[in-house]
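**Student:** Sequence:
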Amino acid sequence: MKILFLSDDFPPQSFGGAGISTYDLARGMKKAGQEVFVITTCRKKEEAGELEYQGLKIFKIASDYPGRWRTYISLYNPPVIRELEKILKKIKPDVVHANNIHFYLSYHSLKIAKKYAKVVITFRDVMSFNFGKLMTERYLKNLDARTIWLDHLKQAKKRWNPLRNIIIKYYLGYADKKFAVSKALKKALEQNGISGIEVIHTGIDLSEYPTFYNGQNKKIIFFAGRLSDAKGAKVVEKAMQIISKKMPDAELITAGTGGKWLNREEMKMAYASSSVVIVPSVCFDALPRTVLEASASGRPVISTPYGGAKEVIEDGVTGYIIDPFKPDELAEKIIDLLKDPRKAEKFGKAGYQRIEREFSLEKLTNRYIDIYAKSVNM
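Heads up, the sequence shown stops at 530 in the numbering used here, and the numbers go up one at a time, no gaps.
Mixed in with the good hints there might be a few duds.
To be verified - Only pairs whose alpha carbons sit at most 20 Å apart, straight line, appear in this in silico PhoX-like list of lysine-lysine:
1. K242 / K212
2. K398 / K370
3. K501 / K462
4. K266 / K242
5. K501 / K370
6. K293 / K386
7. K238 / K212
8. K515 / K182
9. K501 / K420
10. K397 / K491
11. K397 / K478
12. K329 / K154
13. K478 / K390
14. K182 / K154
15. K197 / K209
16. K526 / K329
17. K154 / K212
18. K154 / K242
19. K526 / K515
20. K266 / K321
21. K267 / K242
22. K526 / K182
23. K238 / K263
24. K462 / K498
25. K209 / K238
26. K267 / K238
27. K241 / K266
28. K212 / K197
No lab work stands behind these hints: they were computed from the structure.
Nothing here was measured: the structure is a model prediction, and the numbers come from that model.
All chains should be built: construct the whole structure from the sequences, respecting the hints.
**Tutor:** What follows is the structure in structure tokens.
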């Protein structure tokens with residue numbers, strides 16, 4: 153089959169979580185014998201065009217605009233749609249698999265793709281019903297992801313487009329199949345009026361992640377996220393104040409500061425060098441790739457109940473699920489694992505085995521291929 157992936161971001165242009173997950177899936181398809189193409193975007197016209205990357209044929213369409221217009225242009229981006237249709241006519245794919253298209257490729261791409269192929273979309277975040285990160289009081293207190301127009305207005309302010317979600321649902325009607333990367337995201341989408349969703353988790357290629365433990369017996373805590381309130385920076389700061397008093401030799405490393413972030417290979421080495429990985433998000437995190445990667449690296453992981461992390465982490469078996477508004481609880485669990493390396497290693501091995509059993513890239517890629525084949529033959 154000819155499979156065409158749509159993703160606003162994609163390596164080597166970008167190494168964000170959604171782009172990497174789409175890239176891994178595309179590579180998995182290629183390895184399984186499918187003919188794979190990718191349409192992505194870039195900001196500069198001179199970067200647009202065709203290229204080969206890791207055996208994948210990639211088409212880059214240039215698009216850039218002020219963020220204040222996002223709630224409109226993310227629905228229909230005419231210059232991008234014109235180029236996208238030219239590529240569709242050229243490739244004639246059997247299946248178009250949309251991923252994150254809510255900035256540049258736009259939801260209108262689903263309607264255009266439907267003219268040429270079966271259409272599949274994978275939801276990787278809440279942007280199909282929300283205007284940004286989901287951090288409403290309703291959700292943080294009760295795990296109730298329902299949002300109303302007032303929530304959207306508060307978040308988007310002058311960028312609010314009252315018709316945005318209605319138009320998105322219209323475009324989603326062109327998808328033959330809809331998938332979410334976690335049960336939590338499926339539930340959140342359904343609570344906001346988007347139905348007919350199946351769950352296929354993000355897959356991980358275990359061969360890419362070294363699982364050795366650091367040989368210097370250092371007590372290293374890896375905060376595998378951005379230093380932002382949404383990712384739990386405040387609770388980490390407070391927890392470290394507690395930890396440093398009880399374990400002054402404990403070290404904290406982060407995925408990035410000051411706009412500089414670890415690249416993909418550096419992230420792998422950070423996992424391998426750490427004693428415990430923390431992902432203390434205080435927003436809905438659909439399925440944090442960092443949780444999957446840390447587990448694939450044989451590391452115990454501490455995260456929160458907000459989103460899909462709890463579908464990967466078995467509390468008390470592969471890591472811990474904590475309340476991110478209680479720094480003492482986070483500190484307690486970190487100290488527990490730092491003081492007991494055998495427990496940490498046991499948790500890490502159990503996490504690795506869970507990834508191998510439930511989240512392997514090959515297994516989840518084959519699920520998609522089976523679904524593609526059935527859709528094409530319908």
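**Student:** For every hint, state whether the structure bears it out.
**Tutor:** Structure-based check of each hint:
In summary, the hint linking K242 to K212 is supported, as the alpha carbons are separated by about 15 Å, within the 20 Å threshold. Between the alpha carbons of K398 and K370 the distance comes to roughly 15 Å, so the proposed pair stays at or under 20 Å and holds. For the given pair, K501 sits about 17 Å from K462 by alpha-carbon distance, which is consistent with the 20 Å threshold. Only pairs whose Cα atoms come within 20 Å are accepted, and K266 paired with K242 is accepted, the gap being roughly 15 Å.
For the suggested pair K501 and K370, the alpha carbons sit about 19 Å apart, so the restraint of at most 20 Å is met. Under the criterion of a C-alpha separation no larger than 20 Å, the hint pairing K293 with K386 is consistent with the structure, at around 18 Å. Proposed proximity of K238 and K212 is supported: the alpha carbons are some 12 Å apart, at most 20 Å. Simply put, K515 and K182 have alpha-carbon atoms about 14 Å apart, close enough for the 20 Å limit, and the pair holds.
About 17 Å separates the Cα atoms of K501 and K420, which keeps this hinted pair within 20 Å; it holds. Only pairs whose Cα atoms come within 20 Å are accepted, and K397 paired with K491 is accepted, the gap being roughly 14 Å. With a CA separation close to 17 Å, the supplied pair K397 and K478 stays within the 20 Å bound. Simply put, K329 and K154 have alpha-carbon atoms about 17 Å apart, close enough for the 20 Å limit, and the pair holds.
For the hint pairing K478 with K390, the CA-to-CA distance comes to about 9 Å; that is within 20 Å, so the pair holds. A distance of roughly 10 Å separates the Cα atoms of K182 and K154; the hinted pair therefore holds under the 20 Å criterion. Between K197 and K209 the CA atoms are separated by roughly 19 Å; this keeps the pair inside 20 Å, and the hint holds. With a C-alpha separation of about 11 Å, the suggested pair K526 and K329 falls inside the 20 Å cut-off, and the hint holds.
Restraint check: the Cα-Cα separation between K154 and K212 comes to about 18 Å, which is no more than 20 Å; the hinted pair holds. For the hint linking K154 to K242, the alpha-carbon distance of about 12 Å falls within 20 Å, and the restraint holds. For the given pair, K526 sits about 17 Å from K515 by alpha-carbon distance, which is consistent with the 20 Å threshold. Distance check on the hinted pair: K266 and K321 sit about 15 Å apart at the alpha-carbon level, within 20 Å; holds.
For the proposed pair K267 and K242, the alpha carbon gap of about 13 Å is at most 20 Å, so the pair holds. Simply put, K526 and K182 have alpha-carbon atoms about 19 Å apart, close enough for the 20 Å limit, and the pair holds. Pair hint K238 plus K263 holds up; C-alpha atoms about 14 Å apart against a cutoff of 20 Å. Distance check on the hinted pair: K462 and K498 sit about 18 Å apart at the alpha-carbon level, within 20 Å; holds.
Our distance criterion of 20 Å between C-alpha atoms is met by K209 and K238, whose separation comes to about 15 Å. For the suggested pair K267 and K238, the alpha carbons sit about 12 Å apart, so the restraint of at most 20 Å is met. For the proposed pair K241 and K266, the alpha carbon gap of about 12 Å is at most 20 Å, so the pair holds. With a C-alpha separation of about 9 Å, the suggested pairing of K212 with K197 holds against the 20 Å cut-off.
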